[in-house]
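Visitor: Just so we're aligned, residue 82 is where the sequence shown starts under the numbering used here, counting upward by one.
One should not assume that every hint holds.
[What the hints assert, rightly or not] Label pairs and their computed distance ranges (CB to CB):
{"no.": "1", "residue 1": "Ala102", "residue 2": "Arg251", "range": "38 to 48 Å"}
{"no.": "2", "residue 1": "Leu391", "residue 2": "Ala102", "range": "29 to 39 Å"}
{"no.": "3", "residue 1": "Glu374", "residue 2": "Glu443", "range": "28 to 38 Å"}
Please keep in mind that the hints were generated in silico from the structure rather than gathered at the bench. Where is the CB? At the ideal position from N, CA and C, for every residue including glycine.
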Amino acid sequence: MFERPGSGERAILVCIGLGHAPEPDHVEEFEALARSAGADVLHVITGTRKAAAPRFFLGSGKVQELHDLVKSAGADLVLVDHALSPSQERNLERALECRVLDRSGLILDIFSQRARSFEGKLQVELAQLQHIATRLVRGWTHLERQKGGIGLRGPGETQLETDRRLLGRRIKTLNDRLDRVLIQRETTRRERQRSRTPTVALVGYTNAGKSTLFNRLTSADAYAADQLFATLDPTVRRLALAPGLEIALADTVGFVRDLPHELVAAFRSTLQEAADADLLVHVIDASDPERSERIRQVNAVLESIGAADLPQIAVYNKIDRTGESPHQEPGEAGRVDRVWLSAQTGAGITSLLEALHAHLGEDLCHCVLRVPPSAGRARARLFQAGAVMSEQELDDGAWNLEVSLRRHDLERICREDGVELPEAIAPCALEEPFLQSIRSNVAGAA
């Protein structure tokens, strides 16, 4: 037995393919994960096995090679791009005499560094404790303190049992707190549904540019960086898509292949934003040569959370790296389902807004309302909804209001405040003056 080192960032990466050589893009992604966690990558070892060895996952020859490399390079840590069982992790640590972390443990460590909000920290801590709970089996020398012998025998609780009990108590506390946070999120979500505010969720593979696109659209200051899992905490902002049409835009956590199931369970409230959305904007890195595989992996996660059947707009981001020009393509229903843009430069943002309008503005209508002097409350509500495009005051104290609003909202306001609906109500298109204002905002945010 040995005392596990508590720190160290000089790492050796191990990428083993089962049945075939490891994919180069998988190796690159794992190296990016390690660097995102702050590791100083000394070497990357690759290899192929028919099946995982029960004791070490690796073969005995590869373990000896790795041991010699750890000693010669002065490594503190070995990262394995695979899920290791608790016994395999312990056996490797004994053989290599350094800390060993599998893919799940590495992703959990990155999440713990990125979490900023109270909810995010709770989610990450819960996932970490659930992961650690399976690995509390003689991994540290202090778990051997209860020994047999004269005067030492008898009933009592071992350190291992104490740790398990404390972990279980802490996990229960975190689950209770997250349940309260989930109730708060559900309340906010119900308020949006009651007001019939459409919700659009940005989803996609990690580092596809979701937060940059979110900031570009909403002028928010969500953290965005060229690194994996730069954003963990869900952020929701209102976006005026057209006069009288506001949407709630949600930026969600990025996906990755082999996402640990502890994280999927712990981030249930975050992923619920995507599952409950009216529309998904699937952000794809157009410059990624493996983008087809990334799309498949994201769709697999969406299916696991019950969001596979939601309507999607595919946004091919980072065209500034590929040299493509901004453009859009219609889908089977005739609406735009694919948009090429650059969130970094703002090119093509207008095309995305037009696509959002086509999906969510179908019931948006345009008309001129005559609001009598006795219906001042209706006038105030229309202005508050951002539906008034122009106003004309009449000689009898009434107002003629040119409005753009969703039909059911317009009918509700007129019915509740005694305003007569006009006969001429036309569908409202996304007008050039509004698009021009959006272009100005995009240019200002650049």
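Visitor: None of the hints should be skipped; say for each whether it holds.
Guide: We went through each hint and held it up to the structure:
1. Taken as a hint, the range 38 to 48 Å holds for the pair Ala102 and Arg251, whose Cβ atoms sit roughly 42 Å apart.
2. With their beta carbons about 37 Å apart, Leu391 and Ala102 fall inside the hinted range of 29 to 39 Å.
3. Distance hint check for Glu374 and Glu443: the Cβ-Cβ separation is about 34 Å, which falls inside the suggested range of 28 to 38 Å.
In terms of the numbered hints stated before, the structure departs from none.
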